[in-house]
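Since the structure of chain S is provided, determine the placement of chain U on it from the hints.
Note that the protein sequences, when read in sequence, are chains S and U.
Per the numbering used here, the first sequence starts with residue 1, numbered consecutively.
Per the numbering used here, the second sequence starts with residue 1001, numbered consecutively.
Calculated directly from the structure, the hints in this document are not laboratory data.
Where hints are given, some of them may not hold.
Claimed, not checked - Quick look at which bits of chain U chain S covers, simulated, 3 or more residues with Cβ under 8 Å: (1) 1160-1167; (2) 1175-1187.
Claimed, not checked - Pulled from the structure, derived: some chain U residues nowhere near chain S, Cβ distances all over 12 Å: (3) L1034; (4) L1084; (5) A1170; (6) L1418; (7) A1422; (8) A1448; (9) E1454; (10) P1481.
Keep in mind it's a predicted model, so treat the numbers as computed, not measured.
Cβ atoms here follow ideal geometry from the backbone N, Cα and C, with glycine treated the same way.
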Amino acid sequence: MVQLPHFLTVSALLFAAGVFAVVTRRNAVALLMGVELMLNAANLNFAAFSRFSHNALDGQIFAMLSIVTAAAEVAVALAIVLNIYRNIETIDADRAGDLRG
Amino acid sequence: MDSIQDHIISSVHAFAPEGVLAATLLLIIVADLLPATSRPGVSLGLALGGLAASAAAVVRLPAGETLIFAGMLATDGFAATFKLVAAAVAAVVLVVSYRATDVDREHFAEYCAMAVALSMGAYVMAAAANLLSMFLAFELVSMSSYILTAHLKEDSKSSEAALKYVVFSASSSAVMLYGMSLVYGLTGTLVLQSIMPGLAHSTAPLAQSVGVLFILAGLTYKIAAVPYHFWCPDVYEGAPAPVAAFLSVGPKAAGMAMLARFLNEALFLPPGSPIRAGIDFGNWQTAIVLVSAVTMTLGNLSALRQTNVKRLLAYSSIAHAGYMLMALAVIRPFGVAAMTFYVVAYAIMNLGAFLVVIALGKSMRSEELDSYAGLGARAPVVAVLMAIFLFSLAGMPPTMGFIGKLYLFWAVLEGRGLAWLAVVAALNTVIALYYYARILRQMFFLPAREGAAEIRVEPIHYVVLFLLAIPTLVLGVYWGPLWGAISAAGTP
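If we strip away everything but chain S, and leave its shape as in the complex, we get (with noise of 0.2 Å):
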């Protein structure tokens, strides 16, 4: 039986997996992938909650509305990464590399 142990371990796992891509990833892309892990390890721990432990709705109906928010905040990088590819040809985000970090 699959309980919320489970989940909580595999959003765990996720999250991690999402910060190690934004810490070690140079692409712009890859780097946003990374985020969305992160994202998606939140919803998947609010959905489980909502189920497992509350047996109320808002958890789940927070898990939509920030699908809905990342959806919009990926379309946006997105452009912003295709911008920069316009620009200077390549979305390595360590040779974006006019502003000192």
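The following block gives chain U in isolation, referenced to the frame of chain S:
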């Protein structure tokens, strides 16, 4: 079910300010599509009209604390103060942007629309009393900030700054969301006021700490406090100057409001409260105090080495976030009022300093510190105005910045055992004076370089500069009514 519908319908009128902004946003986009009204002036007029109408709606709302939309938003005096600040900042930035060099006039309608969207997000951030509304408002502000930063499509620096901003901001909001999910799991509630009693019942101290810490991390990101400050100088340098001015004030003020509400309602218990919490709340105060001390010190020390005025102002804005956090650590009504007063002072003087950079940018085409050499002789009026704003940022009397700092120090000294923080802040004020004085030295004591460009400032920029300089000086000697209004507005 009737009661819920009635509640929602009765809530709508209290949402009028945000509704007006949403309608303005749509109007700007539609007007830009029609050939007859597709002009920058029309977009600016619509945006300013919408901001003025929404500010009027904020003022007309009946006073007193009410929760609307089933506890999603609180419409209290505290939120109203921050909404008025957000509307005023957006209006000043839009007026300035209209004649600024680094704003694309072909796409000015989009620029106005995004500035209005950012203000709407800031309104909701100031009022959010539920984790869900906090997250949605936070995202609305972030997304409009990305688009504004990337506004100059052909400029690689602008897109780079936007990419950096997106990656940092999206990951910090993901961290905040994860923290919210843990807090929700432990407490079973999203309402800020119920979080504390909920946490008191939970038996997982590690998950509690991680959850709350992650939420605080997202919030400190928005106000650019250490350790989430890296994005700030790069974004300010790469973004168009008016956008940098906007980002240094608008989202920061909204972030301070949201942080104050979160700390006050979800973390700090009133003294003598019967609830015994699982975690020690002294710890959160310690965390805020430490972040505040490190933020102001690191911001000021990094500002010392800067040669670009925009980067220098970016680090100075990090340091100012540290000063404001200092008063937030003493959450009692006096601390919150001191923080609010300082936010108003900071908004006026920081916009003023950035506006000088914008106004000079048109003729100098440079934001390097040494291009300001001899400005006192080349453009005496602008140089004197800049000196006023810098003196105010440094906290010298008789300016508004001095009064603001005075209240901050007072609030800290009233908090028990925090005298050392006041000492740190005082030392920081001295460091800050040094780098503000570097700009003054360039302007008044060094000769202009050979072939330095003749300075021409747009009339509208002069008007706005004076409109910001007058309150900076007047509120430095006659601040009573403003302080009275802010302390009457109360805490979140």
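To see whether the hints hold, each was checked on the structure:
Under the rule that three or more residues need a Cβ within less than 8 Å of chain S, the assignment of the region 1160-1167 of chain U holds, with 7 such residues. Counting residues of the region 1175-1187 of chain U whose C-beta sits closer than 8 Å to any C-beta of chain S gives 8, which meets the bar of three, so the coverage hint holds. Annotated as non-interface, L1034 (chain U) keeps its C-beta farther than 12 Å from every C-beta of chain S; the closest such distance is 25 Å. The Cβ of L1084 (chain U) sits about 27 Å from the closest Cβ of chain S, beyond the 12 Å cut-off, so the non-interface label holds.
Not every beta carbon of chain S lies more than 12 Å from that of A1170 (chain U), the smallest distance being close to 4 Å; the non-interface claim is violated. Listed as a non-interface residue, L1418 (chain U) keeps its Cβ farther than 12 Å from every Cβ of chain S; the least gap is roughly 33 Å. Distance check for A1422 (chain U) against chain S: the nearest CB is about 33 Å away, which clears 12 Å, and the non-interface claim stands. Separation of A1448 (chain U) from chain S is adequate, the least Cβ-Cβ distance of about 28 Å exceeding the 12 Å criterion.
Every Cβ of chain S is farther than 12 Å from the Cβ of E1454 (chain U); the closest lies at roughly 29 Å, confirming the non-interface assignment. Distance to chain S confirms P1481 (chain U) as a non-interface residue, since its nearest Cβ pair spans about 40 Å, more than 12 Å.
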